[in-house]
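Novice: Listed here are the chains, written in short residue letters.
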Amino acid sequence: MPSALSRFIKNLLLLLLLIIVADYIIGKWLEYAYFHIQSGTEYKTIYVMGKAKEDMVLLGSSRAYHHYQPHILENKLGRSIYNGGRDGAGLLYHYAMYQQLRKNGHTKAILLDMTIDELDKRSVTYEHLNALAPFYNRYPEVRSLLQLRSPYEPIKLKSSLYRFNSLPFYIAVYNRSSDDAANKGFKPLHNKLNTSLGTLQPSAYTTEVDTVLLNYFKQLLKEVKNDKVELYVCISPYYIRIPYPTPSMKKMKELCLEANIPFMDFSNHPAFMQHPGLFNEPIHLNEDGAIRYSHLLADTLSKLSSSQSSFH
Amino acid sequence: MLFNSFQFLLFFPLVTLIYFLLPHRWRWLHLLLASCIFYCAFIPAYILILFFTILIDYVAGIWIEQSEGKKRKWMLAMSIIANVGVLAIFKYYNFFIANVDALLADLSITTQPLPLLHIILPIGLSFHTFQAMSYTIEVYRGQQKAERHLGIYALYVMFYPQLVAGPIERPQHIIHQFYERHRLDTSNLVKGLRLMLWGMFMKVVVADRLALYVDAIYENVPQHNGGSLALATFLFAIQIYCDFAGYSYIAIGAARSMGFRLMTNFRRPYLSTSVSEFWTRWHISLSSWFRDYLYFPLGGNRVKLPRQLFNLMFVFLVSGLWHGANWTFIIWGGLNGLYLIVEKVAGHGKRESAHTAIKWLHRLITFSLISFSWIFFRASSIEEAFTIVQKIVTDPGMPFMIWGTLFYGFIAILILIVAELKHEFIPARMRLANNPYIAIRYAYYLCMILIILLFGVFDGGQFIYFQF
Chain A
1 MPSALSRFIK NLLLLLLLII VADYIIGKWL EYAYFHIQSG TEYKTIYVMG KAKEDMVLLG
61 SSRAYHHYQP HILENKLGRS IYNGGRDGAG LLYHYAMYQQ LRKNGHTKAI LLDMTIDELD
121 KRSVTYEHLN ALAPFYNRYP EVRSLLQLRS PYEPIKLKSS LYRFNSLPFY IAVYNRSSDD
181 AANKGFKPLH NKLNTSLGTL QPSAYTTEVD TVLLNYFKQL LKEVKNDKVE LYVCISPYYI
241 RIPYPTPSMK KMKELCLEAN IPFMDFSNHP AFMQHPGLFN EPIHLNEDGA IRYSHLLADT
301 LSKLSSSQSS FH
Chain B
1001 MLFNSFQFLL FFPLVTLIYF LLPHRWRWLH LLLASCIFYC AFIPAYILIL FFTILIDYVA
1061 GIWIEQSEGK KRKWMLAMSI IANVGVLAIF KYYNFFIANV DALLADLSIT TQPLPLLHII
1121 LPIGLSFHTF QAMSYTIEVY RGQQKAERHL GIYALYVMFY PQLVAGPIER PQHIIHQFYE
1181 RHRLDTSNLV KGLRLMLWGM FMKVVVADRL ALYVDAIYEN VPQHNGGSLA LATFLFAIQI
1241 YCDFAGYSYI AIGAARSMGF RLMTNFRRPY LSTSVSEFWT RWHISLSSWF RDYLYFPLGG
1301 NRVKLPRQLF NLMFVFLVSG LWHGANWTFI IWGGLNGLYL IVEKVAGHGK RESAHTAIKW
1361 LHRLITFSLI SFSWIFFRAS SIEEAFTIVQ KIVTDPGMPF MIWGTLFYGF IAILILIVAE
1421 LKHEFIPARM RLANNPYIAI RYAYYLCMIL IILLFGVFDG GQFIYFQF
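So the protein sequences, as listed, match chains A and B. For the first sequence, position 150 matches number 150 in our numbering, and the numbering has no gaps at all. For the second sequence, position 460 matches number 1460 in our numbering, and the numbering has no gaps at all.
Hints listed in this document are in silico derivations from the structure and should not be mistaken for laboratory results. This one's a predicted model, so the numbers in the text were calculated from it and none came from an experiment. Backbone N, C-alpha and C fix where the C-beta goes; we use that ideal spot for every residue, glycine too. Do not take every clue at face value.
[Said to hold, decoys possible] Listing some non-contacts, in silico: residues in chain A with all C-beta distances to chain B over 10 Å: (1) Gln100; (2) Lys251; (3) Arg292.
[Stated by the list, open to error] Computed footprint of chain A on chain B; a stretch qualifies when at least three of its residues, placed anywhere within it, have a C-beta under 8 Å from a C-beta of chain A: (4) 1250-1260; (5) 1386-1399.
[To be verified] 30 Å max Cα-Cα, derived DSSO-like pairs, lysine-lysine: (6) B:Lys1344 / B:Lys1359; (7) A:Lys192 / A:Lys222; (8) A:Lys222 / A:Lys250; (9) A:Lys158 / B:Lys1191; (10) A:Lys53 / A:Lys222; (11) B:Lys1391 / A:Lys192; (12) A:Lys108 / A:Lys192; (13) A:Lys228 / A:Lys76; (14) A:Lys156 / B:Lys1359; (15) A:Lys10 / B:Lys1191; (16) A:Lys187 / A:Lys76; (17) A:Lys225 / A:Lys192.
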């Protein structure tokens, strides 16, 4: 072998070794710092997966994060509640959260906030799973979910830096506690919807339901039944009138009815729909809207538990 | 296959290794098969379109060379019609039909709506079509011998590093390289890998990070103020540069690793002091294509000034149309044509300004003008583009902040600016990648790889220019 080539190979191996060592050392430090985050979105995931001791945990996307005021629900239902909603999270993320909650054994009830297109086939469904990457080593339950992103994911996740990709900023910013803890995971939004935007039209909904998501939803319904955990599936209000029924909603409702799980649809509730004063923008309620909605939901859940019957 | 995918991380070393292990006589076949696999990772059936144009141009090249007089011209015309015809069907047919329908409706002529084609545009169609056309034109001009080896000619069109987004090569520059016996040269390998590393940084750390902000704003124009839209426009200017130049560096680097030299496609375009200079630094392979095969044949600078100005505008309108079948691209092209016309009439660039401050002012103006034109490039419709312009002017305000994205984005931009300034003004000093000290070189490589792993966006998807 020519000396230049052997030198090149030696140098390449040296570089590879340096990368592995740096990846390991920086990764260890990031892991330590990440699991000591005190606030923010990442903290909520850490909290739900490892620390939540509340009777009821709310799971969902940003709509859950900004729509459910736990104190109102706690006062009316007499249960401790934590809002575990996370921006951009989808059903697979919620499923991962439930896997840890059931393992920890403190949670008696789950309130699952779903979007009207929750089960639709979309590429972002799997992209959003990167929120689970930091837990790859810690919680084996998330591994099979992360593998849904791509067949190469297990190889990529061998890199510690990849697991903590894009997180150093959040680790640095959220290393002390904030109002989130006092609000029990809820974050109110303060804008009022700008009605000068004109008539808002609902975006087109794909007709195809993702079979992977559908199977995970079925699995979740089955597991809560087996674990004797109460599950409430909810669609919180939208500003725009939703063209009924979206395929996802139809499927969710059908499966909940089959499993005798309460499915509550507030998406077109007249107290919210087309009320700009209650919305931050068309998808999210503002603080006034969240308070009103939390009261409405608490009343509904109270009636539900007293009647012990499912409804929609 | 995307350069920023995990598959490519396996594909590239494997193809390069096999290339050097094979005897020279089989290497063309290996590269051709690898290029087919690379292309088929997108939509496999579309490779048939490539085969069709390859066969047409291969035969046309030989016939052009063997013919004389008017027949040569006819052969060239047939080849160009075939190439442009494929482009017209797949890229422009629906645009044409939609505009004809709209025109008929405006004229109150009621007819049955013309049928639209429900097809996806083949990846990189405009790129390999232009590369194929440059071959037959050069054969016609006598600058290139007709290629007798069908496999080599196919490789000229399909060479995987530059198949889907250029650089758009000229036959004189690349075909002879497929016959050369490339030895495994570590200096080529190192240079190629360095280019790929920098290209990957530009793509996944800068472009795809900025895309998160740009997309969030440009996909919800009615809900954002002028401040957000101005910031998104500025970031899009950086994004599109890093996306496309990043792709080009990876392409050039991948080819260089095997000993092939592709043409430079970008030379720090945002440091240009005029729009005309910008177009000698941005997407050089396309700009020079239009110069050589459209602007010069129209008369170039040898005709009178009004005709020159017309030629300039015409070339830029066609360039806009090349980018996409939408009026937004045509306006983008027209705006750039207009800038060049104004510069030409004003005699800008004839006198070299000695003042550094004046030069920087020119750079700033050029960047602003180019960024303004990007609004039309990025907007989904003309109406939306004008709404953006109107909001930027009349509705200023604090931009919408996505703190993490903007933080990473601005750090990445800062690294980019430092690198660009260093390469532009002090290329021989403060060397990192090619520093004589191995410790500095390796520290640089290590830092870049760690930055990519930690701050890269790996769900960023495909390169913007793939759609063209």
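Novice: Against each hint, give a clear statement of whether it holds in the structure.
Specialist: The hints, checked one at a time:
At roughly 24 Å, the least C-beta separation between Gln100 of chain A and chain B is larger than 10 Å, which holds for a residue marked as non-interface. Residue-level check passed: Lys251 of chain A sits 26 Å from the nearest beta carbon of chain B, beyond 10 Å. In this structure Arg292 of chain A is separated from chain B by more than 10 Å, as the shortest Cβ-Cβ distance comes to about 23 Å. Coverage of a stretch by a chain is defined here by at least three residues with a beta carbon nearer than 8 Å to that chain's beta carbons; for the segment 1250-1260 of chain B and chain A the count is 0, and the condition is violated.
With a cut-off of 8 Å between beta carbons, the segment 1386-1399 of chain B has 0 residues touching chain A; three or more are needed, and the interface restraint is violated. Proposed proximity of Lys1344 of chain B and Lys1359 of chain B is supported: the alpha carbons are some 18 Å apart, at most 30 Å. Among the hinted pairs, Lys192 of chain A with Lys222 of chain A is inconsistent with the structure: their alpha-carbon atoms are about 40 Å apart, more than 30 Å. Simply put, Lys222 of chain A and Lys250 of chain A have alpha-carbon atoms about 18 Å apart, close enough for the 30 Å limit, and the pair holds.
A threshold of 30 Å between alpha carbons decides the hint, and for Lys158 of chain A with Lys1191 of chain B the separation of about 28 Å falls inside it, so the pair holds. Taken as a hint, the Lys53 of chain A and Lys222 of chain A pair is honoured in the structure, with Cα atoms around 22 Å apart against an allowance of 30 Å. Distance restraint check for Lys1391 of chain B and Lys192 of chain A: the Cα-Cα separation of roughly 20 Å lies within the 30 Å cut-off, and the hinted pair is therefore satisfied. As the CA atoms of Lys108 of chain A and Lys192 of chain A are separated by approximately 35 Å, the hinted pair breaks the 30 Å bound.
Restraint check: the Cα-Cα separation between Lys228 of chain A and Lys76 of chain A comes to about 23 Å, which is no more than 30 Å; the hinted pair holds. Taken as a hint, the Lys156 of chain A and Lys1359 of chain B pair is broken in the structure, with Cα atoms around 46 Å apart against an allowance of 30 Å. Under the criterion of a C-alpha separation no larger than 30 Å, the hint pairing Lys10 of chain A with Lys1191 of chain B is consistent with the structure, at around 17 Å. Of the supplied pair hints, the one linking Lys187 of chain A and Lys76 of chain A holds, its CA atoms being roughly 20 Å apart against a limit of 30 Å.
Note on Lys225 of chain A and Lys192 of chain A: the hinted pairing is violated, with a Cα-Cα distance of about 40 Å set against a maximum of 30 Å.
The structure fails hints 4, 5, 7, 12, 14 and 17 (numbered hints given earlier, in ascending order).
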